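Colleague: Letter by letter, the chains look like this.
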Amino acid sequence: MIFLNDPINFIAGWMRGLLTGWGLSDGLTTVIIYFIGITVLIVFAMVLDILLVWVERKVVARFQDRIGPNRIGPFGLIQPFADIIKLIIKEDITPAGADKLLYNLGPVLAIASVIILWAILPLSEKIFGVDLNVAVLYLVAAGALGTLSIIVGGWASNNKYALLGAFRMVANMISYEIPMVVVLLIPTILADSMSVQKITQAQSGMWFAILSPLALIIFLISAIAELGRSPFDLNEAESEIVAGFHIEYTGMKFGLFYAGELLHAFTFGGFMAVLFFGGYGGFFGLEKIGFFSWLNNPFVQAVVFLAKAMFGYWVIMWIKYSMPRIRIDHMLAFNWKFLTPLALVVLVNTAVLSKVLAGLPNWGYVLGMFFSNIVIGFITVEILRAYGRKQRKAETKLSPQSAQNQEQAV
Amino acid sequence: MQNEWLYVGIFLVIGIIVPIVPLVFSRLVAPRKPNPIKQSTYECGIETVGDSWVQFKAQYYIFALVFLIFDVETVFLFPWALSLKQMPLFVVLEGVLFIAILVVGLLYAWRKGMLEWA
Amino acid sequence: MTADQIIFLLCAALILGSALMVVTTRKLIHAALWLVAALFGVAILYAVLQAGFLAVVQVVVYIGAIAILFIFAVMLTRREMLDKGAQTRSNWWLPALLGLLILTGLVFLIIGQPAFGRTAAEMPAGVDTLRNLGTALVSPDAFVLPFEVASVLLLAALVGAVYVASGNKK
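Residue numbers (the numbering used here), protein chains in the order written: chain S, -16 to 393; chain E, 5 to 122; chain A, 9 to 178.
Think of the hints as simulated: they come from the structure by calculation, not from any bench.
Predicted, not measured: the structure shown is a model, and the values here were computed from it.
Certain hints may be false.
Stated by the list, open to error - Incomplete in silico selection of chain S near chain A, CB under 10 Å:
{"no.": "1", "residue": "Leu128"}
{"no.": "2", "residue": "Glu160"}
{"no.": "3", "residue": "Ser176"}
{"no.": "4", "residue": "Ala185"}
{"no.": "5", "residue": "Met189"}
{"no.": "6", "residue": "Tyr370"}
Virtual Cβ for every residue (Gly too), placed ideally from N, Cα, C.
Produce the entire structure from the sequences given, and follow the hints as far as they go.
Modeller: Have a look at this one:
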């Protein structure tokens, strides 16, 4: 094993030799190596988180036709560090009557539920935490812990607006978990496995985004709702309930909530890359040609993965800064009356076609899947248009005066 | 015996310790001057009216119930999805039947107006 | 004491301690959160037994759905979320004695089992438990009928919940 080809195993093997040479037992050696590896991975994730604060502020500035932080350091790169220092030295005001233990537990649980997702994120074929065979459901489980952290934070603040915000946020998050879990079944069916490594390797011929674009769109929408970002950010609706469930949090605790949200968004971008864009691979068979064999290098794969994850994060930011906020009853109606049935239809379609088209050559399979998605999308849009037309007719029938006004306005 | 979940367990432990570090650091460094006005809960800048309990809508509970049913359903669908490659075509139809029965439930809840936020 | 046994004892202490706190704590929200801790302990047990799928499903369904349902129910219905009365009744010694007798009986029963004190056998390599679960759930000579009946059960639960809730709405 050379370092360049297999870095993690190389270092682990070297450390294992060192530690067993010192006389430690095998199990203890494993635990120590895990400790060191996990600490390195988590520190990497947190440093990435700090960088994401800078990315977020620069990108939102560009979307809003301004420059963003550019005073501190070149291109404002030191800005997030200044932010962290500011947050740490701010006074930590605990509201009267707050439940001390739960109040402190909220932000810790919020970030912990995002960090544990990095255990299964495959940075490359050889650089990853652990290859769980239930990784896809693990993503949903981490989301469940995040939901719990919001309730804990909202309730422990002893503030009815915080509690109200927490309730709305949780109702939002659990509703959008259903289409997300249903859509997560689609890469499982296409790759015949729940492990992220196998899903990535199954996409070496063709991305799942092309096999099932509707699944990608539904996953994107549900992910944005899970994150609680705009246009689904009822939680942080400044004009409605101030800052939602984290009104009463100051200083570093608020910093942890905020940084946790950004890291969560990036992690979801990473999962989108893994599940739909081929993760660290997905070069359409290019890496098998001798000239491009450097594409198999773990470091190159890690860079490719991070680039795709950043692209996913950028799409999430793009949607955040381009669309207005959606009202909560519209949000829930959208989920239960549109997204869930659509997700179930796409799932049934994928399952049926994966058996029916199994015998065809590769291009037949790809085209069949892709066109079935286009057909479903087309039918959905037609149904929506017919429904909209019917609603408009009902409105004009009720009040012909307003219809006349509308026509004159147009 | 190598259990891959050991890694996840250690990850969870360190994942809880790592955010505590800046919190502890902040407690060491930040000033602490509590006074009753600073510690009063926030209500749009005015004094709080009433205690911290309001009548919450029952609608939250109904959405959580419907979510629970569909969550259990999707959890059942995961083993089904993994068996598709090995088994013949009728297995897909079994899954479709499963989903269809629950879609009937969703339609019932829809028609009864349980999915409104009224 | 192998590492497995230590982890099991810690886990059992977590589950039993959390369960005890659920019934003895005074604040209802704390009780719901101790329940979450107990359920999480059960998930850890599943993971130790290498039933990864069950561990994740435990977190997703129990902690992600049922515990949240409990917390919603507690917050929506109770105005006063503090239990004020005495913690024990005046004749607490009788149930305590009964409990102790039942515990002794159970301990004797379990010690008498042939499997007591043995560690679990190694999983044979190459056995994909998840896929076996999947094929078992859908093959006609295995569990497909309970699989479909489960969906009918879920439908019945949903219809019942909707009916009860719509009755209250009027």
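Colleague: Hey, does the methionine 189 of chain S contact hint survive, CB to chain A under 10 Å?
Modeller: Hint violated; methionine 189 of chain S Cβ to chain A Cβ min 23 Å, cut 10 Å.
Colleague: Hint alanine 185 of chain S vs chain A: min CB-CB distance below 10 Å?
Modeller: violated (15 Å)
Colleague: Given tyrosine 370 of chain S was flagged as interface, is its beta-carbon under 10 Å from a beta-carbon of chain A?
Modeller: Check failed: Cβ of tyrosine 370 of chain S comes no nearer than 23 Å to chain A, outside 10 Å.
Colleague: Measuring from the C-beta of glutamate 160 of chain S to each C-beta in chain A, is the shortest one below 10 Å?
Modeller: holds (8 Å)
Colleague: Quick check on serine 176 of chain S please, does its C-beta sit within 10 Å of some C-beta on chain A?
Modeller: It holds, given that the least Cβ distance between serine 176 of chain S and chain A is near 9 Å, below 10 Å.
Colleague: So, as I understand it, the hint says leucine 128 of chain S touches chain A; can you test that by seeing if any CB pair is closer than 10 Å?
Modeller: Since chain A brings a Cβ to about 7 Å from leucine 128 of chain S, closer than 10 Å, the hint holds.
The structure is inconsistent with the numbered hints 4, 5, 6, although it conforms to all the rest.
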